[in-house]
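Enquirer: Read off the chains here:
4 protein chains.
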Amino acid sequence: MPELTADVTIEVPFHDIDVMEVAWHGHFVKYFELARCAALRKIGYDYPQMRDSGYAWPVVECYLKYVRPARYHQRLTVHAVLREYENRLRFDYEIRDAASGERLTKGYTVQVAVDITSGELQFVSPDCLIARVEKTCTA
Amino acid sequence: MPELTADVTIEVPFHDIDVMEVAWHGHFVKYFELARCAALRKIGYDYPQMRDSGYAWPVVECYLKYVRPARYHQRLTVHAVLREYENRLRFDYEIRDAASGERLTKGYTVQVAVDITSGELQFVSPDCLIARVEKTCTA
Amino acid sequence: MPELTADVTIEVPFHDIDVMEVAWHGHFVKYFELARCAALRKIGYDYPQMRDSGYAWPVVECYLKYVRPARYHQRLTVHAVLREYENRLRFDYEIRDAASGERLTKGYTVQVAVDITSGELQFVSPDCLIARVEKTCTA
Amino acid sequence: MPELTADVTIEVPFHDIDVMEVAWHGHFVKYFELARCAALRKIGYDYPQMRDSGYAWPVVECYLKYVRPARYHQRLTVHAVLREYENRLRFDYEIRDAASGERLTKGYTVQVAVDITSGELQFVSPDCLIARVEKTCTA
Chain C
9 MPELTADVTI
19 EVPFHDIDVM
29 EVAWHGHFVK
39 YFELARCAAL
49 RKIGYDYPQM
59 RDSGYAWPVV
69 ECYLKYVRPA
79 RYHQRLTVHA
89 VLREYENRLR
99 FDYEIRDAAS
109 GERLTKGYTV
119 QVAVDITSGE
129 LQFVSPDCLI
139 ARVEKTCTA
Chain B
9 MPELTADVTI
19 EVPFHDIDVM
29 EVAWHGHFVK
39 YFELARCAAL
49 RKIGYDYPQM
59 RDSGYAWPVV
69 ECYLKYVRPA
79 RYHQRLTVHA
89 VLREYENRLR
99 FDYEIRDAAS
109 GERLTKGYTV
119 QVAVDITSGE
129 LQFVSPDCLI
139 ARVEKTCTA
Chain S
9 MPELTADVTI
19 EVPFHDIDVM
29 EVAWHGHFVK
39 YFELARCAAL
49 RKIGYDYPQM
59 RDSGYAWPVV
69 ECYLKYVRPA
79 RYHQRLTVHA
89 VLREYENRLR
99 FDYEIRDAAS
109 GERLTKGYTV
119 QVAVDITSGE
129 LQFVSPDCLI
139 ARVEKTCTA
Chain P
9 MPELTADVTI
19 EVPFHDIDVM
29 EVAWHGHFVK
39 YFELARCAAL
49 RKIGYDYPQM
59 RDSGYAWPVV
69 ECYLKYVRPA
79 RYHQRLTVHA
89 VLREYENRLR
99 FDYEIRDAAS
109 GERLTKGYTV
119 QVAVDITSGE
129 LQFVSPDCLI
139 ARVEKTCTA
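Protein chains in written order, with the working numbering: chain C, 9 to 147; chain B, 9 to 147; chain S, 9 to 147; chain P, 9 to 147.
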């Protein structure tokens, strides 16, 4: 399995904090996406390149497990790692306190390729993804 | 001036409430948009028809004045009224408590037409807008 | 198992639509929440009553499976059904096209009770929840 | 006038991009807030200190003028500068492309102090703000 990872650091903004003084659970989908896009940029296949390659990659599954809450202005590290790419794109995530390393959240997303012109779901990942993963991520 | 108005009723959702137990001020831009889209649908010129007409209508100005806070699950009426359309599209808004009629927020947005193909700003509203406003809104 | 369900109808707003012309996947966490809050209001235990009872109920797990995309202004029915309540609060969700009934999304959330004063996680749901579920939902 | 400014750099995330391939106009309220909070942290008076001082500072006015659109992954610099503080808190903002310096958006927000216990609006800013501004920002 080629290794593709990315880490992004964020500070929880005021507008993400709910009435219980913690980041509202739905915002972590955004935090995951920031790290996933950073990983995909490393192989030159972020959203604009996806579209140019003729494929959309909708998220078809998303799972989040919340272990500890995140507070206002807390610095978080969001780690994404590629787990599957041959038939679908699966990333796993961990969100940790940037200072202590304590884990707050984990989860995963699954995306599949859809041909933009025909609208057809691809059961095998198109070469434009596979070539990029294998070229960039293996020695 | 042809009269074009719309009212939509919303209930403030939990995910819009901030740590002070009121709707975070930025969410009202969304509430304005719901009423503006409802008004534009009345003349058959909501987002899909805009795009099909060859024009984008970016918001170029937005103003909000907050008089009273909105609370969780409060029912609000968002009222939009067309104020200008010949050279630009200006809507004024009022958000009131749906039960008492007490005013919470007011504001306005201004949009201008941009030719999607050329990217050129239009200093006069295109006929596709003017005809729709004048046909639907005048007796 | 007492039966507790709720259905809410929404129209996908413009500000939830992404560049692929579909509702961005993270927004469905909000749609789930609207139906869950409606269900909890039926037993008199929505957010304000939770807080008054001395317990917070953070979401500790969230899963979403996307079957079909949602489009701008599409009317959706969000259905929530209570699946567990004795030790934790689990709701399952289905989002369908309001007109055709075609299923777009499904998923679940899990919440646990946390004593607001002590911060302690409750491994058994407090009586304030159990009594409300059993009183309202069983004949 | 004491000088209090802050600059924050952001990259426009995918989930802020709308169907016209630009950042949806409502998201700029969040970008303004990031720079305002950074400025307020310089004088030790960000949200947690506001609450501890006994005052909430709701936004009562917000204005945004959009000059050019922001694109996916564009790096933006958000500049906030304090313009009034004696009776109310006014910040002006400019958002520029981080590389070219080209201006995309400008605007302002106005906040007023509200006594959290009594709910009373303060027509003069409380000393806890004035002392912090004058101590930190004047030589």
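It is possible that part of the hints are untrue.
Repeated chains share a single entry, so a pair holds when one copy, or any two copies, can fit it.
[As the list claims (entries may be wrong)] DMTMM-like mimics (lysine to aspartate or glutamate), calculated; alpha carbons at most 20 Å apart, straight line: (1) K114 to E69; (2) K73 to E128; (3) K50 to E19; (4) K73 to E142.
Calculated directly from the structure, the hints in this document are not laboratory data. Remember, it's a predicted structure, so these values are computed and weren't measured experimentally.
Enquirer: Decide, hint by hint, whether the structure agrees.
Expert: Status of each hint after checking the structure:
1. K114 to E69: Both: 14 Å inside a chain and 10 Å across chains, each within 20 Å.
2. K73 to E128: Classified as between: cross-chain Cα gap 18 Å, same-chain 31 Å, threshold 20 Å.
3. K50 to E19: This pair counts as between: shortest inter-copy Cα distance 16 Å, intra-copy 23 Å.
4. K73 to E142: The answer is neither: 30 Å in one copy and 28 Å across copies each exceed 20 Å.
Violated hint: 4 only; the structure is consistent with all others.
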